[in-house]
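When you get a sec, could you build the whole thing from the sequences and use the hints?
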Amino acid sequence: MKKVELIDILKNIEDYEIIGNKNYFISELLPVDQAKSTSLVFIDRSSHEKEKLILSTKAQVIICDHEVKKYNVKNKSIIIVKDPKLAFAKIGNSLFPKKEKWGKHPSAIIHPESTIHPKTYIGPFCYIGNGCEINEGSILYGNIHIYDTMVSIGKNVIIHAGCVIGGDGFGFIKDERGELINFPHIGGVVIEDNVELQVMTHVDRGALGNTIIKSGTKIDNCCHIAHNNIIGKNSMIAAHSMFSGSVKLGDNSFVGPSSSFRDKVKIGDNSFIGIGSLVVSNFANNSNLMGNPATTIQEFKKMRKSIKKQMNGNEKIKDR
Amino acid sequence: MKKVELIDILKNIEDYEIIGNKNYFISELLPVDQAKSTSLVFIDRSSHEKEKLILSTKAQVIICDHEVKKYNVKNKSIIIVKDPKLAFAKIGNSLFPKKEKWGKHPSAIIHPESTIHPKTYIGPFCYIGNGCEINEGSILYGNIHIYDTMVSIGKNVIIHAGCVIGGDGFGFIKDERGELINFPHIGGVVIEDNVELQVMTHVDRGALGNTIIKSGTKIDNCCHIAHNNIIGKNSMIAAHSMFSGSVKLGDNSFVGPSSSFRDKVKIGDNSFIGIGSLVVSNFANNSNLMGNPATTIQEFKKMRKSIKKQMNGNEKIKDR
Amino acid sequence: MKKVELIDILKNIEDYEIIGNKNYFISELLPVDQAKSTSLVFIDRSSHEKEKLILSTKAQVIICDHEVKKYNVKNKSIIIVKDPKLAFAKIGNSLFPKKEKWGKHPSAIIHPESTIHPKTYIGPFCYIGNGCEINEGSILYGNIHIYDTMVSIGKNVIIHAGCVIGGDGFGFIKDERGELINFPHIGGVVIEDNVELQVMTHVDRGALGNTIIKSGTKIDNCCHIAHNNIIGKNSMIAAHSMFSGSVKLGDNSFVGPSSSFRDKVKIGDNSFIGIGSLVVSNFANNSNLMGNPATTIQEFKKMRKSIKKQMNGNEKIKDR
Chain H
1031 MKKVELIDIL
1041 KNIEDYEIIG
1051 NKNYFISELL
1061 PVDQAKSTSL
1071 VFIDRSSHEK
1081 EKLILSTKAQ
1091 VIICDHEVKK
1101 YNVKNKSIII
1111 VKDPKLAFAK
1121 IGNSLFPKKE
1131 KWGKHPSAII
1141 HPESTIHPKT
1151 YIGPFCYIGN
1161 GCEINEGSIL
1171 YGNIHIYDTM
1181 VSIGKNVIIH
1191 AGCVIGGDGF
1201 GFIKDERGEL
1211 INFPHIGGVV
1221 IEDNVELQVM
1231 THVDRGALGN
1241 TIIKSGTKID
1251 NCCHIAHNNI
1261 IGKNSMIAAH
1271 SMFSGSVKLG
1281 DNSFVGPSSS
1291 FRDKVKIGDN
1301 SFIGIGSLVV
1311 SNFANNSNLM
1321 GNPATTIQEF
1331 KKMRKSIKKQ
1341 MNGNEKIKDR
Chain E
1031 MKKVELIDIL
1041 KNIEDYEIIG
1051 NKNYFISELL
1061 PVDQAKSTSL
1071 VFIDRSSHEK
1081 EKLILSTKAQ
1091 VIICDHEVKK
1101 YNVKNKSIII
1111 VKDPKLAFAK
1121 IGNSLFPKKE
1131 KWGKHPSAII
1141 HPESTIHPKT
1151 YIGPFCYIGN
1161 GCEINEGSIL
1171 YGNIHIYDTM
1181 VSIGKNVIIH
1191 AGCVIGGDGF
1201 GFIKDERGEL
1211 INFPHIGGVV
1221 IEDNVELQVM
1231 THVDRGALGN
1241 TIIKSGTKID
1251 NCCHIAHNNI
1261 IGKNSMIAAH
1271 SMFSGSVKLG
1281 DNSFVGPSSS
1291 FRDKVKIGDN
1301 SFIGIGSLVV
1311 SNFANNSNLM
1321 GNPATTIQEF
1331 KKMRKSIKKQ
1341 MNGNEKIKDR
Chain C
1031 MKKVELIDIL
1041 KNIEDYEIIG
1051 NKNYFISELL
1061 PVDQAKSTSL
1071 VFIDRSSHEK
1081 EKLILSTKAQ
1091 VIICDHEVKK
1101 YNVKNKSIII
1111 VKDPKLAFAK
1121 IGNSLFPKKE
1131 KWGKHPSAII
1141 HPESTIHPKT
1151 YIGPFCYIGN
1161 GCEINEGSIL
1171 YGNIHIYDTM
1181 VSIGKNVIIH
1191 AGCVIGGDGF
1201 GFIKDERGEL
1211 INFPHIGGVV
1221 IEDNVELQVM
1231 THVDRGALGN
1241 TIIKSGTKID
1251 NCCHIAHNNI
1261 IGKNSMIAAH
1271 SMFSGSVKLG
1281 DNSFVGPSSS
1291 FRDKVKIGDN
1301 SFIGIGSLVV
1311 SNFANNSNLM
1321 GNPATTIQEF
1331 KKMRKSIKKQ
1341 MNGNEKIKDR
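Protein chains in written order, with the working numbering: chain H, 1031 to 1350; chain E, 1031 to 1350; chain C, 1031 to 1350.
If you are wondering where the hints come from, they were derived from the structure by calculation, not from laboratory data.
Among these hints, one or two may not hold up.
Which copy is meant is left open, so a pair is good if it fits within one copy or across any two.
Quick list of in silico lysine-lysine cross-link-like pairs, DSS-like style, CA-CA up to 27 Å [what the hints assert, rightly or not]: (1) 1080 x 1332; (2) 1294 x 1082; (3) 1296 x 1331; (4) 1080 x 1294; (5) 1112 x 1066; (6) 1082 x 1129; (7) 1080 x 1134; (8) 1100 x 1332; (9) 1112 x 1041.
Given below as structure tokens:
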């Protein structure tokens, strides 16, 4: 990254106040405790050691919330905003745009019966199948396979390397001889606007209807989104999570990594599912889940406590 | 899908009886409760609401079992079979064949020392390594990597996009300086007839012998089949399951998603392993397992009940 | 494998003693109980049935430890070493070298702003991005994607097919409208000398700093190494393990398959984490962990015992 004038950076944020020298430049983004004199840093509004961080960092340009006014900061440029992490993210995203150029890598293969907006990026070794539709602003990094099924990708979607979209669901039926034959999977996949699928996530096509990931949802590395899932809006699903067929996840939910969902379960909006949960039954909106099998966090804690109490009781009896 | 005459569809099934008009056509397959007038639908023989579904569906062509005769259905074409879902699957598979053309995508790279039957399909960005053998009717979708090891693929095998076959097993040994060196993995992989590996499943080569997946077995997305596994016939393994080295799974078994198997465990035929099980010991034929670590389902339920009872007991004591 | 003279094989090991005929040749490596007369085999020093194996194997060339001297072996060539498995591994690795030729497969795409040592191998359908550095002796098998981030790969590193390196970490922040925007991920990835990443492992770039895998560490298939992880030296991480962001794993540790680590946890050196563990808190050096959530193995066993005791107690009460 080259030197950037502080004044140019500030164009990316609104509602700020600046204290000190406005003529600094920055040449890298670093965590506040690892900064150099040329770094841009931020101090999270939830930090318990704002004073210490501000006084000790080598950075000369610091984004902080209004509390900074309590401290006696000299020879620095302090940018005061309501949410320093958000302001830092906006500046970072503008300095390091995801893609500077649109287009198709020469090695990518795009089926002639697909519809690709010219303002998209299709990276190396991507195969984009028959009937696929990719809308404005979307980025497909590379080594991605999209089947010849009806895969519809919205605007400003990011699909990371190694993803596979539109494979058959896992549906088989025994025939008269006891052999497994495929149940037809002829549905499609709908990925709405602003979705991000990180590295190696795999989304299967629906059996008869579609698999749907609603707008704004972000899915981490190597998650399994099975046939006929309906994943709500603005949710986050962390790495290695596994959704069986026909699961429905609500909006604005968070799924911790390494979670698993049994087929057909329904989880309401605004839910939180802790790391490593095994979800085998339905839960309403605003659920807060944990465990194997998953229960509410209150229930989970009570159960752990009971087990420990029992164990310690046994210990005492043994010790007598 | 274009319009298809009912009479042409019926060529795909045997032992049916037809009630009503035989001159309908269909133009899509849909679930019975989402059908249009031009849809082909089926009603599962285990359904508890056959009458309601038959009388309310918009579809004019319905596959159902003999119970339909109880109801007063008019102006429909009713196809009566023993197993409606199976008949529907057979019709669907004939209308949507996996591949209409055999051949090799121009971007695929096939090692000259491999043996590929002309009636196979090798998709885009596949690498087929030295010594690989692929038999009649097999389909490799795309972005698949088969190592330069002895990988043998039977007839009518389906390998989905992103699979990797023939990588080294995870075997290392400490040398005199305490550094990890590879234990040689020089075995091959044998994938028998009618196996299906879904998206991103990875099968490692054996150390000295082979890794074997027996005929008719279906493996869902992103499963790990480690070195020297022997996976039985006509089994189903659901997504994100992990088999450590030298595991032996029997025939006709079902492994739920997100299951894990410790190295060297042996599971008998006709077994059922529930979602998220952690299998660390051997189990005989006809085992029905669940839990972390996995036990029989009876034991699992007893344990859960005991934990809950204890917890509720504690609660009551506290409430006094 | 062609016939190899015993005398040529012995060049690969030191400190051995040989009993019997030195003029044998071998033509394959096999497990001792599956050997032919032309096989090279070894008997592990921990075996409890050395005598039986030595007297019953068909192999004529056997690597064994000094205990073999107790038995009356005739017409064989016995190679006596301290660690037979290690000697066998060294011989196997020399007979089956990972790569005989260096170079780049014609289909691989290498960004002009990367630095690749001529003594490396870059396989089919690899994309090596901007700023990547790959040092002497490293092998990248094929269908690998390295992002245009600062990915540094040391000497004698092995990266297996399907790996993806340098994708964004999973970091998002809600903006004023409640929508998730990316937190900038602009760090790199450092993979030190002698690391091996097996099939489909995915290593994300750091947010502001780097993700680091230290020298000699081996990672099995389809593991998730998230942003800003620091993975110690000479550790082994088995298949399907999932490390959330900013985890620190010590040196010389073993992580069992299907393990998960919550973000920011720290695990000390020389630790052992059992299969399927869910690690949500920090543990010191020499920890021996197990369970969901993970505790020490002693604690885990005590807890299991207590649950079973309670369960059996309940049973007895019911039986009365």
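These are the hints, each one checked on the structure:
no.: 1; hint: 1080 x 1332; result: neither (36 Å within a copy, 44 Å between copies)
no.: 2; hint: 1294 x 1082; result: between (51 Å within a copy, 22 Å between copies)
no.: 3; hint: 1296 x 1331; result: both (23 Å within a copy, 23 Å between copies)
no.: 4; hint: 1080 x 1294; result: between (47 Å within a copy, 21 Å between copies)
no.: 5; hint: 1112 x 1066; result: within (24 Å within a copy, 53 Å between copies)
no.: 6; hint: 1082 x 1129; result: neither (37 Å within a copy, 54 Å between copies)
no.: 7; hint: 1080 x 1134; result: neither (46 Å within a copy, 51 Å between copies)
no.: 8; hint: 1100 x 1332; result: neither (43 Å within a copy, 52 Å between copies)
no.: 9; hint: 1112 x 1041; result: within (16 Å within a copy, 69 Å between copies)
Of the numbered hints listed earlier, those contradicted by the structure are 1, 6, 7, 8.
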